[in-house]
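Number of protein chains: 2
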Amino acid sequence: MAIIVNLESQREKGSPSALDRLTELVSDDLVQVNEVIIQHMQSPVVLIPQLAGHIVAAGGKRLRPLLTLASARMCKYEGRRHTCLAACVEFIHTATLLHDDVVDDSGLRRGLATANSLWGNQASVLVGDFLFSRSFQLMVADGSLKVLDILSSASAVIAEGEVMQLTTSNDTETSETTYLEVIKSKTAKLFAAACHIGAVVADRPQAEEDALQSYGLNLGISFQLIDDVLDYSAAQKTLGKTIGDDFREGKISLPVILAYRRGSEEERIFWRSRLEDLSQKEGDLEHAISLMEKHGALRDTVERARHYGAIAYDSLGIFPQSKEKTALLDVIDFCVNRAF
Amino acid sequence: MAIIVNLESQREKGSPSALDRLTELVSDDLVQVNEVIIQHMQSPVVLIPQLAGHIVAAGGKRLRPLLTLASARMCKYEGRRHTCLAACVEFIHTATLLHDDVVDDSGLRRGLATANSLWGNQASVLVGDFLFSRSFQLMVADGSLKVLDILSSASAVIAEGEVMQLTTSNDTETSETTYLEVIKSKTAKLFAAACHIGAVVADRPQAEEDALQSYGLNLGISFQLIDDVLDYSAAQKTLGKTIGDDFREGKISLPVILAYRRGSEEERIFWRSRLEDLSQKEGDLEHAISLMEKHGALRDTVERARHYGAIAYDSLGIFPQSKEKTALLDVIDFCVNRAF
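In order, the protein sequences belong to chains E and W. Our numbering puts the first residue of the first sequence at 860, with every later residue one more than the last. Our numbering puts the first residue of the second sequence at 860, with every later residue one more than the last.
It is possible that part of the hints are untrue.
Intra- or inter-copy, both count: the list cannot distinguish identical chains.
To be verified - SDA-like mimics (lysine to any residue), calculated; alpha carbons at most 20 Å apart, straight line:
| no. | residue 1 | residue 2 |
| --- | --- | --- |
| 1 | Lys-1140 | Ser-1012 |
| 2 | Lys-935 | Thr-1026 |
| 3 | Lys-1110 | Trp-978 |
| 4 | Lys-1005 | Glu-883 |
| 5 | Lys-1110 | Gly-979 |
| 6 | Lys-920 | Gln-1139 |
| 7 | Lys-1110 | Leu-906 |
| 8 | Lys-1153 | Ile-1128 |
| 9 | Lys-1140 | Asp-1062 |
| 10 | Lys-1182 | Asp-1136 |
| 11 | Lys-1182 | Leu-971 |
| 12 | Lys-1110 | Val-915 |
| 13 | Lys-920 | Cys-943 |
It is worth saying that the hints were derived from the structure and are not from the lab.
Turn these sequences into a full structure, and let the hints guide you.
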């Protein structure tokens, strides 16, 4: 069965509003999360709130804390602990971003100057450490060893995933299986943990914990797959977004893996020289995209994302109908179909 | 009162054996700590145990875990939890070292190539994150929220101290008070936490917790003061150790602060150009040392270390006599008088 994926038309389906609807649904909780974040990034060492404020304000979608908030509410939780724990999740994510930008030597994130480009790598490493520690202090104040277990384990797995990514970087022989391990660890595990603790604070049975974990994990995988597609997406480019960062760094994402494996020996020589030796010149990115299109690599990566999205969808099957459930299900479409 | 400090002769007093005696006293426990460390730095991502093994094997004195072990035993603790928590302390310390070497762009630590110089800054940042997460996983397995509170708070303060040090680096106007804040946070706080949890596992009254915290904090301050002296110590140089790392980086330690404040305007111009602008040439380090000697800056830094050592000594006054108490008291002399 041939599947034609047109990112441009999907973007017009208005999927982004699924995220807006989720945000709207838990907006009161989200205000509290932001308050906890602002309050707990304070320090007498002024560079810390300055730098942390920069990345927290750049903020992005707050997708991970939103998942914690909506999961808890879907589980009929009525307390306030989830806002504090959602802030912990965001702190871990922010610490990871700070360290990532140092590791990747990035100058831009979401079109803004990265913290490391403004304050130096040193400050980014140390403020990342601070936010990470703060996150654990907040969890300790919450007092649940189970939550501490979930988030400390997730943090260890994230670091493992990042190291794994480092060891596979610039290696065109990387397999889809290895790539999947990397994105499960570095991205999807925190999505899983964010959702999981929603069930934990609500004191729900194991089956619901498992369901939310599975939802988060599979959503996270599809989220990262689409992220990797967007980095080569012509649709992105027409929207004025930067593309080609992964290509320039020689990052081996699934679109590359598929194009390489499906390519001729001549094409493989192209991939190796551009991504392993990083000897790149003008027009290379466009050629890379044309090879991906020729072999359906972007289309099939989106297809893989749909597969994990479908698993995420079915994971929530055991929960009764609710506004939160609908919003969480719609977020899957948002993740798979977003092209903004 | 004029106090003459002769590092050379003190080295011959055999103070190092105080650390050997402490190590000997808790040697069975220390074997277990090392086992926990080896076991928990494992990961299917091979670079992690490789890199962690490098820094853990370089190992050094294991001073911080030794403090946890001896503190717990002095408090008559008879269980095994302290070995696991001592490993947590060492993991936090190791993670800090990995990130420090990236921040300082160091090539050598204790005469060995640093992890970042062998595997790159990226791997050092990420493996540091991994060890830090592992440390929290171990604490969660131990199950004491109080210990988690102590060590997560210490970690946040360490990061704050490191950032503070970054913002004062290369600033010759840094005050002794600020410098003291930095070393309390970045070094002494973990010493304090390491000792504190010894009392916590033994379930001792608050006064004993406080006493051990105070012992650790003041020991840590004197330890760092002496570390900063050793970087300018001629005695070190005759032993074939590298000196002058702090000078080359423009680090503002107490010997510099004292020499700068006591110096003539001409001398201050020297300090500013060498440490702020880092315009250094051969013979500058020797000149810096001669200025420190002229103004008694090294001698008086040792004197300050003695002061904090004395407070550490008195902190343990409330504990009855024991082999462990004697060993902990002797370690103060080791820290103040070491010149190896």
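Hint check results:
1. Lys-1140 to Ser-1012: neither (42 Å within a copy, 49 Å between copies)
2. Lys-935 to Thr-1026: Cα proximity of Lys-935 and Thr-1026: none, with 43 Å in one copy and 47 Å across.
3. Lys-1110 to Trp-978: between (25 Å within a copy, 18 Å between copies)
4. Lys-1005 to Glu-883: neither (29 Å within a copy, 37 Å between copies)
5. Lys-1110 to Gly-979: Answer is between; shortest inter-copy Cα gap is 17 Å, intra-copy 23 Å.
6. Lys-920 to Gln-1139: Neither way: Lys-920 and Gln-1139 sit 33 Å apart in one copy and 48 Å across, limit 20 Å.
7. Lys-1110 to Leu-906: between (32 Å within a copy, 18 Å between copies)
8. Lys-1153 to Ile-1128: within (16 Å within a copy, 66 Å between copies)
9. Lys-1140 to Asp-1062: Classified as neither; 56 Å inside a copy, 66 Å across copies.
10. Lys-1182 to Asp-1136: The answer is neither: 50 Å in one copy and 61 Å across copies each exceed 20 Å.
11. Lys-1182 to Leu-971: Result: close neither inside a copy nor across copies, 34 Å intra and 59 Å inter.
12. Lys-1110 to Val-915: neither (26 Å within a copy, 30 Å between copies)
13. Lys-920 to Cys-943: within (18 Å within a copy, 39 Å between copies)
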